[in-house]
Amino acid sequence: MSFFGFDTTLPRDHSHSARAPGFGQPADPFASLSGGAADDEIIDFEDTYDGLGDQLDDADDALNDDTFGGGPATQQTVGKDFDFAGQTSKIANTLQEEQMLFEARNLRKPPPVQASKPARTGYESYHDPDYIPQLEARADIWGLQPKQVPQQKQPEPQAPSAPAKKMMSLDEVEAMMRAQTASQTTAAPPVQPAPAQIPPSVPMRHQQQIQHHGAQDQFAPQILQAPHQQQPSFSQQQAHAELPAHPVQIQPPRQPAAMQRQRQTPDNAGQQPRYAAPLPSAQRPPSQPRQILQNPNRLSGQGLPVMPPPTGPRGALPVHSRGPSFPSMAITPDQLMQMPEEQRLAYLEEEARRAKRNHKIALLSKDNGLMTPQDKNFITRIQLQQLMAATGGLEEARSEAALAEDFYYHVFSQIRGAHRQTPQQPANQFAQTYLFQTNSRFGAGRRHGRGGDNHMQRMEQQVQRAVEAAKAKPKNKQLVIEGSLGKISFSNSKTPRPLLNIKRAETGDKHPKPHKSSIADRKEVLRNIEDVYRALMEIDDHERALPPPINEESSPEAIQNHMEWRTKFQALHDKLWEATKIMEPINLQSPTPHPFIAMLSHAKGKKLISRLFRHIDDQERVTVITMIVVHLDHLPVVNQAIATPEEPLSPAIREQVELFVHAVIPPYFTHIQTSPLNIVIGLLEIILQRTNLHLVARSKVGMEMLTILLSRAEILKQSAPEMDVTEWEKWTELYNRLFDTVEPVLPVLFPGTVNDTDDKYIWQFLAAIGVGASPEQQQRLVLGVKDRVMDTVTVSRALPPDMSAARLFNVNLFMRAIGLDVELLG
Amino acid sequence: MLFFSFFKTLVNHEITVELKNEICIRGTLKSVDQFLNIKLDNAETTDGARWPHLCSTRDMFIRGSVVRYVHLPAGMVDIDLLEDATRKEAAAAKEKAK
Numbered sequence: 001m002s003f004f005g006f007d008t009t010l011p012r013d014h015s016h017s018a019r020a021p022g023f024g025q026p027a028d029p030f031a032s033l034s035g036g037a038a039d040d041e042i043i044d045f046e047d048t049y050d051g052l053g054d055q056l057d058d059a060d061d062a063l064n065d066d067t068f069g070g071g072p073a074t075q076q077t078v079g080k081d082f083d084f085a086g087q088t089s090k091i092a093n094t095l096q097e098e099q100m101l102f103e104a105r106n107l108r109k110p111p112p113v114q115a116s117k118p119a120r121t122g123y124e125s126y127h128d129p130d131y132i133p134q135l136e137a138r139a140d141i142w143g144l145q146p147k148q149v150p151q152q153k154q155p156e157p158q159a160p161s162a163p164a165k166k167m168m169s170l171d172e173v174e175a176m177m178r179a180q181t182a183s184q185t186t187a188a189p190p191v192q193p194a195p196a197q198i199p200p201s202v203p204m205r206h207q208q209q210i211q212h213h214g215a216q217d218q219f220a221p222q223i224l225q226a227p228h229q230q231q232p233s234f235s236q237q238q239a240h241a242e243l244p245a246h247p248v249q250i251q252p253p254r255q256p257a258a259m260q261r262q263r264q265t266p267d268n269a270g271q272q273p274r275y276a277a278p279l280p281s282a283q284r285p286p287s288q289p290r291q292i293l294q295n296p297n298r299l300s301g302q303g304l305p306v307m308p309p310p311t312g313p314r315g316a317l318p319v320h321s322r323g324p325s326f327p328s329m330a331i332t333p334d335q336l337m338q339m340p341e342e343q344r345l346a347y348l349e350e351e352a353r354r355a356k357r358n359h360k361i362a363l364l365s366k367d368n369g370l371m372t373p374q375d376k377n378f379i380t381r382i383q384l385q386q387l388m389a390a391t392g393g394l395e396e397a398r399s400e401a402a403l404a405e406d407f408y409y410h411v412f413s414q415i416r417g418a419h420r421q422t423p424q425q426p427a428n429q430f431a432q433t434y435l436f437q438t439n440s441r442f443g444a445g446r447r448h449g450r451g452g453d454n455h456m457q458r459m460e461q462q463v464q465r466a467v468e469a470a471k472a473k474p475k476n477k478q479l480v481i482e483g484s485l486g487k488i489s490f491s492n493s494k495t496p497r498p499l500l501n502i503k504r505a506e507t508g509d510k511h512p513k514p515h516k517s518s519i520a521d522r523k524e525v526l527r528n529i530e531d532v533y534r535a536l537m538e539i540d541d542h543e544r545a546l547p548p549p550i551n552e553e554s555s556p557e558a559i560q561n562h563m564e565w566r567t568k569f570q571a572l573h574d575k576l577w578e579a580t581k582i583m584e585p586i587n588l589q590s591p592t593p594h595p596f597i598a599m600l601s602h603a604k605g606k607k608l609i610s611r612l613f614r615h616i617d618d619q620e621r622v623t624v625i626t627m628i629v630v631h632l633d634h635l636p637v638v639n640q641a642i643a644t645p646e647e648p649l650s651p652a653i654r655e656q657v658e659l660f661v662h663a664v665i666p667p668y669f670t671h672i673q674t675s676p677l678n679i680v681i682g683l684l685e686i687i688l689q690r691t692n693l694h695l696v697a698r699s700k701v702g703m704e705m706l707t708i709l710l711s712r713a714e715i716l717k718q719s720a721p722e723m724d725v726t727e728w729e730k731w732t733e734l735y736n737r738l739f740d741t742v743e744p745v746l747p748v749l750f751p752g753t754v755n756d757t758d759d760k761y762i763w764q765f766l767a768a769i770g771v772g773a774s775p776e777q778q779q780r781l782v783l784g785v786k787d788r789v790m791d792t793v794t795v796s797r798a799l800p801p802d803m804s805a806a807r808l809f810n811v812n813l814f815m816r817a818i819g820l821d822v823e824l825l826g
Numbered sequence: 001m002l003f004f005s006f007f008k009t010l011v012n013h014e015i016t017v018e019l020k021n022e023i024c025i026r027g028t029l030k031s032v033d034q035f036l037n038i039k040l041d042n043a044e045t046t047d048g049a050r051w052p053h054l055c056s057t058r059d060m061f062i063r064g065s066v067v068r069y070v071h072l073p074a075g076m077v078d079i080d081l082l083e084d085a086t087r088k089e090a091a092a093a094k095e096k097a098k
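Here the protein sequences come in this chain order: A and B. According to this note's numbering, the first sequence holds residues 1 to 826 in order. According to this note's numbering, the second sequence holds residues 1 to 98 in order.
For the record, the hints were derived by calculation from the structure and aren't laboratory data. Model, not experiment: these values are computed from the prediction. Accuracy of the hints is not assured; some may be wrong.
Facing chain A, a subset of chain B residues (Cβ under 10 Å, in silico) [as the list claims (entries may be wrong)]:
id, residue
1, Leu-2
2, Phe-6
3, Phe-7
4, Met-76
5, Asp-80
6, Leu-81
7, Leu-82
8, Ala-85
9, Glu-89
10, Ala-91
All residues carry an ideal CB built from backbone N, CA and C; glycine is no exception.
Whole structure, please, built from the sequences with the hints as guidance.
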């Protein structure tokens, strides 16, 4: 270990005086020369002893005398004729190399302009809720100082002091020392030879930088490593305080950076005690300073990896918590060389990783600060708006326009399951309108509470009701018939078959009304239908705009809205009612059919009925039904739909009939199901009086309508037979008339041969008429259809079991109604 | 917009597109735009022997203007709704003409 070579000593082994200049001018390294330094620093040796003394090799102590000369070195014995400047110049090459090495290493660090940026994300201020952003762009986002700048500044820390206190050149100092020696008294304190005289060469610059930026953290160790330096504490503090100001003094244009650094100061000052204490030994070189040096602004950054773990929310940093930590890059090449091999490798690796990371950060942060926070706010707002629009946040405003443009898609996707995308849509109305219509269902679903705000719920309820209605419908019909089965117990007996056969008479009026409609009529009817549809859609649209339900606490505007809505609704409803033209006078003799009935001759006119029923009240429904019933035998589906085994229905007519059965009968059925007896009586009376019952009874449509009326009356009779005697008398009378009229056509009720399986509705009709029949009437009934019953049973025996069962079941509908069973025919 | 609206409901359903050059392609409709350009997945020609050059093509983008017919799955068309949508479209067109 050389005691003389500068370049073999660790920087920290230099006495503090080597660093002193970095503390600023007040710490005059040569103060001791003039004897002016006060030593008021109390330093605990144990805390700071770096243990280097233990490493000294005592073996060669004997040579000390040769080296130093005999006897204790005194101020007098030590020669003052040194020439440090000259000696230093001899190793200038080495120093140069050192400097190159240092800079080369620094080159791997991110370029300074970039490096300084991540320190400020631009959002720190937004943690403060009251923060109002600056309105002008910050100058410092453009003017962050390059990394090189601090380094270039480093040689000049003394500069500021120069004006205040003339800085001596090295030569002057040496000259002064020599002069002092000459005049010195023996009481003069021992002079620390080398460090103070170190010229502002590379190693010194390191330390200056370190102190310059990291002084706060490093005070204690540095001071303690050089206790003999006895630097006055006041000067340290002063230096510390003045540090931030340096750049300003040196380079006034660099003000923004200086401001930033000033901001860091309190932050770091707060950490000073914390960092001073735990520094374990001299093994730990000043770590942060170099980082700070390279990225002077980083201190105010948030959690950058190279930062010292700050207090509070920033948390500990991974770098410091893992592995062989080389917390700093401030290890000089000398130290590096002294390290064990693996440590050095680890160090270099760490170094490389750090450099890589810094580079990455620099790349990422290349364009940091390009936008002001205001710009970012603006863009964020736009993005949010778009997001809202995309996800349907502005549903209300959007839905109407979208509906108009994209009606089919919207409604379709709501009805068929895609509704989850837009749960806000008023899907229930669509489902009501189109699901029921499509599936020919029209049931309990139409009266549903409109109160709920949850469209999804309403939608689901709607579908559920639809399903229930679908299930309930055939069951109800079944019940009607089956419920009456137990009532009747009557034994059949043979009575002579009636020989009267009047069916020939009817074949003549198979096409009683050729329906000579001109093209103009047809167009007119179609136009009427379209009018009704338009009115319907207007009502639908209006219903979708239903304001929220009102109650006592509702605000006046809400009530007002509701009133307006109701008014409009009423107006639309009136318009709809008018469009149906149902109130036009009935003239059965006129060659052109009633406009409303004419609509029913078109497919879309038939579909109209169920939708129409949704929007009209009970009274109006009765009107519609009455209108249909009055014209029953004028309907093409009745008067053109009478088939015989020889002449089955044409496919077109059959289709029309099916459509009528699916579109018109269900609403009719639903309404009749809730009608009181007087309405049933009235309808039956109309049928009997004003229509050709033979026609009606032989058509599927007419038969189904009669079945519904009869079964309803039967249910009423069983549920409340004591209701009104006069009404029941009236009913019985009508029933008898009906029976008498129908009886002659019983044998020809069946439109097809025995093999025609579509005869269920006929058996239903027979059952309905049989349930209410007197014993005598039942006999006549059986006589009328006995052949058919026997034939069907015979045919079904040859059929596969399931088909056979189905046919026998149909027959049994009737047989049980009159207290029989096909089993008895066995 | 009616057809656009209508075709949108067929997304993810299998359709057959007949082009004006007689090529007939069946595939799953992935998307459609306002020009009725059609994007098909799992597309294949209905007659591989006739158009062998399309054998290996699975995803197709078909320009709307070259389509002659689109065969639809009947179950996917809600006629009543389509009627109403047509009425709305007609009403809107009439409104615009005024």
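Hint-by-hint comparison with the structure:
With a least beta-carbon distance of about 6 Å to chain A, the hint placing B:Leu-2 at the interface is held under the 10 Å criterion. Residue-level restraint check for B:Phe-6 holds (minimum Cβ-Cβ distance to chain A is 5 Å; threshold 10 Å). At about 9 Å, the closest approach between the beta carbon of B:Phe-7 and any beta carbon in chain A falls short of 10 Å, and the interface hint on this residue holds. With a least beta-carbon distance of about 8 Å to chain A, the hint placing B:Met-76 at the interface is held under the 10 Å criterion.
Restraint check, B:Asp-80 versus chain A: the minimum CB separation of about 5 Å is within 10 Å; hint holds. The interface hint given for B:Leu-81 holds, since its Cβ lies 5 Å from the closest Cβ of chain A, which is under the 10 Å cut-off. With a least beta-carbon distance of about 6 Å to chain A, the hint placing B:Leu-82 at the interface is held under the 10 Å criterion. For the restraint placing B:Ala-85 at the interface with chain A, the shortest Cβ-Cβ distance is roughly 4 Å, inside the 10 Å limit, so the hint holds.
Interface restraint check: B:Glu-89 against chain A, minimum CB-CB distance 8 Å, threshold 10 Å, status holds. Because the beta carbon of B:Ala-91 sits about 7 Å from the nearest beta carbon in chain A, less than 10 Å, this interface hint is met.
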